[in-house]
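Protein chains: 2
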Amino acid sequence: MKIVVDAMGGDYAPQAVIEGVVAAVKEFNVHIILVGRQDEMIAELSKYQYPKEKIELVHASEVVEMHDHATVSIRKKKDSSISVGLRLMKEKGYDAFISAGNTGGVVAASAYNLGMLEGVERPAIGLVVPTLKKFSFLIDVGANTESKQEHLFQSALMANIYTREVLGVQNPAIGLLNIGEESSKGSGFEKEAHKMMEERLPNFIGNVEANEVFTGKADCIICDGFVGNIVIKVAEGLMESASALMRREIAKSPIAILGAMMMKSRLAYIKKFADYSEYGGAPLLGVNGLVMIGHGRSSPKAIKNAIRATMREVEHNIIDVMIKEIAGKTSP
Amino acid sequence: MKIVVDAMGGDYAPQAVIEGVVAAVKEFNVHIILVGRQDEMIAELSKYQYPKEKIELVHASEVVEMHDHATVSIRKKKDSSISVGLRLMKEKGYDAFISAGNTGGVVAASAYNLGMLEGVERPAIGLVVPTLKKFSFLIDVGANTESKQEHLFQSALMANIYTREVLGVQNPAIGLLNIGEESSKGSGFEKEAHKMMEERLPNFIGNVEANEVFTGKADCIICDGFVGNIVIKVAEGLMESASALMRREIAKSPIAILGAMMMKSRLAYIKKFADYSEYGGAPLLGVNGLVMIGHGRSSPKAIKNAIRATMREVEHNIIDVMIKEIAGKTSP
Numbered sequence: 001m002k003i004v005v006d007a008m009g010g011d012y013a014p015q016a017v018i019e020g021v022v023a024a025v026k027e028f029n030v031h032i033i034l035v036g037r038q039d040e041m042i043a044e045l046s047k048y049q050y051p052k053e054k055i056e057l058v059h060a061s062e063v064v065e066m067h068d069h070a071t072v073s074i075r076k077k078k079d080s081s082i083s084v085g086l087r088l089m090k091e092k093g094y095d096a097f098i099s100a101g102n103t104g105g106v107v108a109a110s111a112y113n114l115g116m117l118e119g120v121e122r123p124a125i126g127l128v129v130p131t132l133k134k135f136s137f138l139i140d141v142g143a144n145t146e147s148k149q150e151h152l153f154q155s156a157l158m159a160n161i162y163t164r165e166v167l168g169v170q171n172p173a174i175g176l177l178n179i180g181e182e183s184s185k186g187s188g189f190e191k192e193a194h195k196m197m198e199e200r201l202p203n204f205i206g207n208v209e210a211n212e213v214f215t216g217k218a219d220c221i222i223c224d225g226f227v228g229n230i231v232i233k234v235a236e237g238l239m240e241s242a243s244a245l246m247r248r249e250i251a252k253s254p255i256a257i258l259g260a261m262m263m264k265s266r267l268a269y270i271k272k273f274a275d276y277s278e279y280g281g282a283p284l285l286g287v288n289g290l291v292m293i294g295h296g297r298s299s300p301k302a303i304k305n306a307i308r309a310t311m312r313e314v315e316h317n318i319i320d321v322m323i324k325e326i327a328g329k330t331s332p
Numbered sequence: 001m002k003i004v005v006d007a008m009g010g011d012y013a014p015q016a017v018i019e020g021v022v023a024a025v026k027e028f029n030v031h032i033i034l035v036g037r038q039d040e041m042i043a044e045l046s047k048y049q050y051p052k053e054k055i056e057l058v059h060a061s062e063v064v065e066m067h068d069h070a071t072v073s074i075r076k077k078k079d080s081s082i083s084v085g086l087r088l089m090k091e092k093g094y095d096a097f098i099s100a101g102n103t104g105g106v107v108a109a110s111a112y113n114l115g116m117l118e119g120v121e122r123p124a125i126g127l128v129v130p131t132l133k134k135f136s137f138l139i140d141v142g143a144n145t146e147s148k149q150e151h152l153f154q155s156a157l158m159a160n161i162y163t164r165e166v167l168g169v170q171n172p173a174i175g176l177l178n179i180g181e182e183s184s185k186g187s188g189f190e191k192e193a194h195k196m197m198e199e200r201l202p203n204f205i206g207n208v209e210a211n212e213v214f215t216g217k218a219d220c221i222i223c224d225g226f227v228g229n230i231v232i233k234v235a236e237g238l239m240e241s242a243s244a245l246m247r248r249e250i251a252k253s254p255i256a257i258l259g260a261m262m263m264k265s266r267l268a269y270i271k272k273f274a275d276y277s278e279y280g281g282a283p284l285l286g287v288n289g290l291v292m293i294g295h296g297r298s299s300p301k302a303i304k305n306a307i308r309a310t311m312r313e314v315e316h317n318i319i320d321v322m323i324k325e326i327a328g329k330t331s332p
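Sequence order for the protein chains is A and B. Position 329 of the first sequence, counting from 1, maps to 329 under the working numbering, and the rest follow consecutively. Position 256 of the second sequence, counting from 1, maps to 256 under the working numbering, and the rest follow consecutively.
Take these hints with a grain of salt, some might be off.
Claimed, not checked - To give an idea of the chain A side of the interface with chain B (calculated C-beta under 8 Å), a few residues: (1) His59; (2) Ile74; (3) Leu132; (4) Met196; (5) Glu198; (6) Leu201; (7) Ile205; (8) Glu209; (9) Asn211; (10) Leu238; (11) Ala244; (12) Lys252; (13) Ile255; (14) Ala260; (15) Asn288.
The set of hints was computed from the structure by calculation and includes no laboratory data. For every residue, glycine included, the Cβ atom is placed at its ideal position computed from N, Cα and C.
This is chain A alone, in the form it adopts within the complex:
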C-alpha cells in the first residue's frame, strides 16, 4: 500500500507530520511518499531511526499557507506540496493522499486534480465524532458551504457507504441535522432535503437536532458544510473553554487539586472522547480518489492515526464501492 503524505501541511509541519509518518511506517505495513521541501524533509528525517525503504521523498518547492485562499493551490502555487502530491497520486496510481494543510486548498486541488465521482456534484468532508454510544459520522464539516438539497442527498449516499464499509456499521441510521424533530422544521432548504431523503433512503430516520449529535441517535448525520463546520468548532471551543475553566477553578483549592489527581485515570477517558487526534483525519468524499484531511493542529499521533484510518479506506476499496453504488442513483 502506497500513501502520499503532504509533509508541509498543518501548523506543526513538517516536524509533527514527519514524526507521525516515522511512527506509522514502524508500526504499519505501509509505504509513504512524503511531498514537500526536500531539504526540510531530509533534516527532519535525520532525527529518526526507521526502515528507509518505506519512506520516499518527492520535492515540491511551494507551500499553501493556512491563510491562503482555497484556489491558490490550483491557480498560483502549482508546485505546492498539495498539488504535487495529488498529481503524483493520480499519475502513479498511489492509493491515497493525506494532508493536514489548508482545508479549502486540499478540497479545491482534489476536485481539480482527481475529478468528481459520477453522480456526485460537490465534495464533502466527513468526520467521525465520538458519542455516548460509540461514534457518528458527521458530513459535511466544511467542504461545500453553499449546498443544494441534492448535495445533501449525495452526502447521505456516501456516508451510508463509508459508515458501512470502513466503520463497520451495518445498515447505518441516517439523520438530517435540523432545528426540530418534525419534518416541517427548518428553512425551505432543509424541508426539501428531508423529503428527498425520506423518499429515496430506506435507512433515513428523519431529523436529528444538534443536541443529539453526541448521543449517538444516528450513525450518519447529514448537513451543509457551513453548519457542520460550526458544529465541530463549537464542540471544540466549548471543550477547550470548559477545560480551561475547570483548571482555573481547581487551581484555587488544594483539596480540589488532590481530588482532580485522584480522578485522573478516569478523566483520561473523557479527554479521549474529545480528542480529534484519536481518529486522526476527516475523509474528503466525492472526489475520484482517497483523500484524508488532517486537523490543522495535527500532532504526530494524529498523523499516525490518519494514516491508519486511510489504510482502512484503501483495504475496503471504498472508491470502487462508491462508484458502483452511487452512479445513476442521484439523478432525479
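Place chain B on chain A using the hints.
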C-alpha cells in the same frame, strides 16, 4: 411594574412556572399577571404562601403545545395563553410578556400582536451565553431561519443596544459568526453581511469563529437563526453528554468518586457556567414590546431569573431606546 407570564408554557408547566412566579413576587418588587387555565392555576397557587395582591389570574382556555406549528397560536388557538397574554399586554399597557412555551408560537404571536419596530423586518432571539471572560450576547438563536443580510445587520443594531443598556457593556465589540476569520470566508450571504456591518457599525470587529463563541472574543455575536440554534443546541448537548460520560467513568473507580467529591465546590462553579437557568430567558427582539422566551425545560429557578432579567429590560426602557436609535438607520 406589571409583567404577564404564560402559566402554561414549558415542559413542566404550570407547576414550575407558578413555583417560579411565587418565588419572584416574594423576592422582587413586581406584579405578575398569570395567563392560563384558571382551575389549574388556582390549584397550583393553593400550594404556596405569597402576597396575594401581587399575582393576578387571567383565564385562557387553550394551550399551544410544544409540537404545534408556529402559526397555531395565531390562526387556530386564538384563546391560547400565548395569544391572550400578548393581547392583554398590548391592550392594558403591561410592561412585558414571558413564556417558556413553544418558541415558534411565541415568536409568531408576538410579531402578529405587537407588530415590529420601525426599521426591523424580522424578530430575533438573543441569548446571554457564559464565556471565559464573562458573557456574550448571541443573536439570533432561532426566530428567523431564512435570514437576509439586512436582518443580520438589524440584529446587530439591536444587540448593540441590548448589550449596552441591559447588560452594561459600554461600546460592545460586535462580531459576525463565520467559518473563518478573513472577510472572504463563508458563503455569499456571510460576505455580504460582513461588508454591511463593516461599513455601518463602528464597533464591528469582524468574523468570529464558532470555537471562539465561549472565549469572550466578542460581546455580541451575530448569526442567522438556524445557525444560532445549532450553536446553542450543540453546546447544550455536548455539556450533557460530557457530564453523563464523566459520571459513568467516575462511578467505575472508588478513588475517582472520592476525588470528584473533593472537587465538588469547584465543579459547582463550572456547572453554573453551563446552566441556562442562571440567566433564565432569551429576549425576543425586534417586536414592539418586551417579550422574554424561557427554555422549554424551564425550572422554577429559571422562571424566577427570567422575571428578574425582564425587570432589568423594563427598567432600562429598551424598547424606547431601540425605537429612537434604530429607525432610519437600517434603510440602505
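Structure-based check of each hint:
Using the Cβ-Cβ criterion of 8 Å, the hint placing His59(A) at the interface with chain B is not satisfied: the shortest such distance is roughly 30 Å. Taken as an interface hint, Ile74(A) does not check out: its beta carbon lies about 16 Å from the nearest beta carbon of chain B, beyond 8 Å. Contact between Leu132(A) and chain B, as hinted, is supported at the beta carbon level, the nearest pair being about 5 Å apart and thus within 8 Å. Below 8 Å, beta-carbon pairs count as interface contacts, and Met196(A) has none with chain B, the closest being about 18 Å; its hint is therefore violated.
Taking 8 Å as the C-beta cut-off, the interface hint given for Glu198(A) is violated, the closest approach to chain B being about 18 Å. Annotation: interface hint on Leu201(A) violated; nearest CB of chain B at approximately 22 Å, more than 8 Å. Because the closest C-beta pair between Ile205(A) and chain B is about 17 Å apart, greater than 8 Å, the hint is violated. Among the interface hints, the one on Glu209(A) holds; its C-beta lies about 6 Å from the nearest C-beta in chain B, closer than the 8 Å criterion.
Interface hint at Asn211(A): satisfied, since its Cβ lies 3 Å from the closest Cβ of chain B, which is below the 8 Å cut-off. The closest approach between the C-beta of Leu238(A) and any C-beta of chain B is roughly 5 Å, which is under the 8 Å cut-off, so the hint is satisfied. Given the 8 Å rule on beta carbons, the hint for Ala244(A) holds: about 6 Å separates it from the nearest Cβ of chain B. Taking 8 Å as the C-beta cut-off, the interface hint given for Lys252(A) holds, the closest approach to chain B being about 7 Å.
Hint on Ile255(A) holds. Least Cβ distance to chain B is approximately 5 Å, under the 8 Å limit. Interface hint status for Ala260(A): upheld, as the beta-carbon distance to the closest one in chain B is roughly 6 Å, under 8 Å. About 25 Å separates the beta-carbon of Asn288(A) from the nearest beta-carbon of chain B, more than 8 Å, and the hint is not met.
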